[in-house]
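Chemist: Listed below, chain by chain, are the residues.
Number of protein chains: 2
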Amino acid sequence: MGTSTRQQRTHKAILNAAEDLFLRDGFLGVSMDQVAETAAVSKQTVYAHFQSKEALFLAFTQALMEPAGDELGKRVSEQSLDLEFEDYLRAFAHQQLAIVVTPKLMQLRRLAIGEATRFPELGATLHKLGPARSINRLEFAFRHYRNIGQIRAPNLREAASNFNWLIMGAPVNDAMILGDAAIPGRELLEAHAEECVRVFLAAYGANPPAYFE
Amino acid sequence: MGTSTRQQRTHKAILNAAEDLFLRDGFLGVSMDQVAETAAVSKQTVYAHFQSKEALFLAFTQALMEPAGDELGKRVSEQSLDLEFEDYLRAFAHQQLAIVVTPKLMQLRRLAIGEATRFPELGATLHKLGPARSINRLEFAFRHYRNIGQIRAPNLREAASNFNWLIMGAPVNDAMILGDAAIPGRELLEAHAEECVRVFLAAYGANPPAYFE
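Residue numbers (this note's numbering), protein chains in the order written: chain A, 94 to 306; chain B, 94 to 306.
In case anyone wonders, no lab produced these hints; they're calculated from the structure. Fair warning: this is a prediction, and the values are worked out from it, not measured in the lab. Watch out, some of these pointers could steer you wrong.
To be verified - Taking lysine-lysine pairs in the DSS-like style, the calculated list, with each CA pair at most 30 Å apart, reads: (1) B:K167 <-> B:K197; (2) B:K197 <-> A:K221; (3) A:K146 <-> A:K197; (4) A:K146 <-> B:K197; (5) B:K197 <-> A:K197; (6) A:K136 <-> A:K105; (7) B:K221 <-> A:K197; (8) B:K221 <-> B:K146; (9) B:K197 <-> B:K136; (10) A:K197 <-> B:K146; (11) A:K105 <-> A:K221; (12) B:K105 <-> B:K197; (13) B:K167 <-> B:K105; (14) B:K146 <-> B:K105; (15) A:K221 <-> A:K167; (16) B:K136 <-> B:K146; (17) A:K146 <-> B:K167; (18) A:K146 <-> A:K105.
Work out the full structure: start from the sequences and follow the hints.
Modeler: Below is the structure:
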């Protein structure tokens, strides 16, 4: 038990070192020696926990993305399906923007994109834990709302993908290309979320709301 | 005149070499020596045309992106504003997907994103010649269509950005993360364009079309 806890602490220390170094210097810019030094362990210990730099990078990607996705799932849970469709959409849009459009996750995404060609497993992991997880959740929720007559969409996956990218397209892509300075402030993100909900309901809602004014 | 033509040919040869090498090996993976060798000129000549690797990368970025943007402007020109709003949107969506979602431009975009933190001028150039140029065009067109009563949008720039990312969000981001294999085929892209036009008109059209069935 004591051993297991110490091993867990070491595991965590290596992941923390990996996070600091990789986010700053990218996959190619970091050596396993640096990871060992920053984590204050031997290089042998690093390799005992993670068999390669690729494996460490994948583990660090999961360690950053899984909690973010879990947090979104907690804030917009299956209980949220008790909400009116419009309120569900609003909650999802606001929470997703707040949780995902952050400097750490945006930098991880830049790194994964920069390495996409050389390191396809990284892109696949990021896709599975990021957009695909969100779109799967939306599709699940939309099925419920279609069953109770609140959404009109012959293709729920397409509707889920369109809602996801309507929300994330502008802020994520601006952050990708222009850097963290392009991450919009909270107020702008909230106004954006509201407009995305309005657009989506006009196109897919069972009772499109009256147009503004 | 003969000299100028030879200089232009040399300029073009260096840009072509830069394109081949940078798209394959990225900014950090290419040296000016390799560019000189591939272009079959001296390194001194490379530096006579482009003062630094950064300047060469920016020039290569412009050389790839400007013609793509010009081509979109030619295919969906100011004359296209004579079209019904729906047909204008359809033309824009189809042409933008066909011209932009290509392996070369997607790879350039991955490189720019991978370098965004270290090389902000590159991101700014890509943004100006890419999404910002498209959104500016849409905003210009939307002003015309609002004047003739075919679009209802208090904020034309927001409407333009939402249309742009509704179209580009899914295919561009999948290509960024998952690589060229994720670029959808022509038929899928066309179906996507049609659905984006339908969604956009439902939200912003003056006479939202009847819902399918």
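Chemist: Hint by hint, note whether the structure agrees.
Modeler: We went through each hint and held it up to the structure:
1. As the CA atoms of K167 (chain B) and K197 (chain B) are separated by approximately 20 Å, the hinted pair is consistent with the 30 Å bound.
2. Distance restraint check for K197 (chain B) and K221 (chain A): the Cα-Cα separation of roughly 25 Å lies within the 30 Å cut-off, and the hinted pair is therefore satisfied.
3. About 20 Å separates the Cα atoms of K146 (chain A) and K197 (chain A), which keeps this hinted pair within 30 Å; it holds.
4. Between K146 (chain A) and K197 (chain B) the CA atoms are separated by roughly 29 Å; this keeps the pair inside 30 Å, and the hint holds.
5. Straight-line distance between C-alpha atoms of K197 (chain B) and K197 (chain A) comes to about 28 Å, which keeps the hinted pair within the 30 Å bound.
6. A threshold of 30 Å between alpha carbons decides the hint, and for K136 (chain A) with K105 (chain A) the separation of about 15 Å falls inside it, so the pair holds.
7. Straight-line distance between C-alpha atoms of K221 (chain B) and K197 (chain A) comes to about 25 Å, which keeps the hinted pair within the 30 Å bound.
8. Distance check on the hinted pair: K221 (chain B) and K146 (chain B) sit about 20 Å apart at the alpha-carbon level, within 30 Å; holds.
9. Restraint check for K197 (chain B) and K136 (chain B): the C-alpha separation of about 26 Å stays at or below 30 Å, so the hint holds.
10. This hinted pair checks out: K197 (chain A) and K146 (chain B) have alpha carbons roughly 29 Å apart, not beyond 30 Å.
11. Among the hinted pairs, K105 (chain A) with K221 (chain A) is consistent with the structure: their alpha-carbon atoms are about 23 Å apart, no more than 30 Å.
12. With a C-alpha separation of about 17 Å, the suggested pairing of K105 (chain B) with K197 (chain B) holds against the 30 Å cut-off.
13. At most 30 Å may separate the alpha-carbon atoms for a hinted pair to count; K167 (chain B) and K105 (chain B) meet this at roughly 23 Å.
14. The hinted pair formed by K146 (chain B) and K105 (chain B) meets the criterion: a straight-line CA distance of about 16 Å does not exceed 30 Å.
15. Restraint check for K221 (chain A) and K167 (chain A): satisfied, since their Cα atoms lie roughly 18 Å apart, inside the 30 Å limit.
16. A C-alpha spacing of about 11 Å is found between K136 (chain B) and K146 (chain B), which places the hinted pair at or below 30 Å, so the restraint holds.
17. A distance of roughly 47 Å separates the Cα atoms of K146 (chain A) and K167 (chain B); the hinted pair therefore is violated under the 30 Å criterion.
18. About 16 Å separates the Cα atoms of K146 (chain A) and K105 (chain A), which keeps this hinted pair within 30 Å; it holds.
When the structure is compared with the earlier hints, a violation turns up for hint 17 alone.
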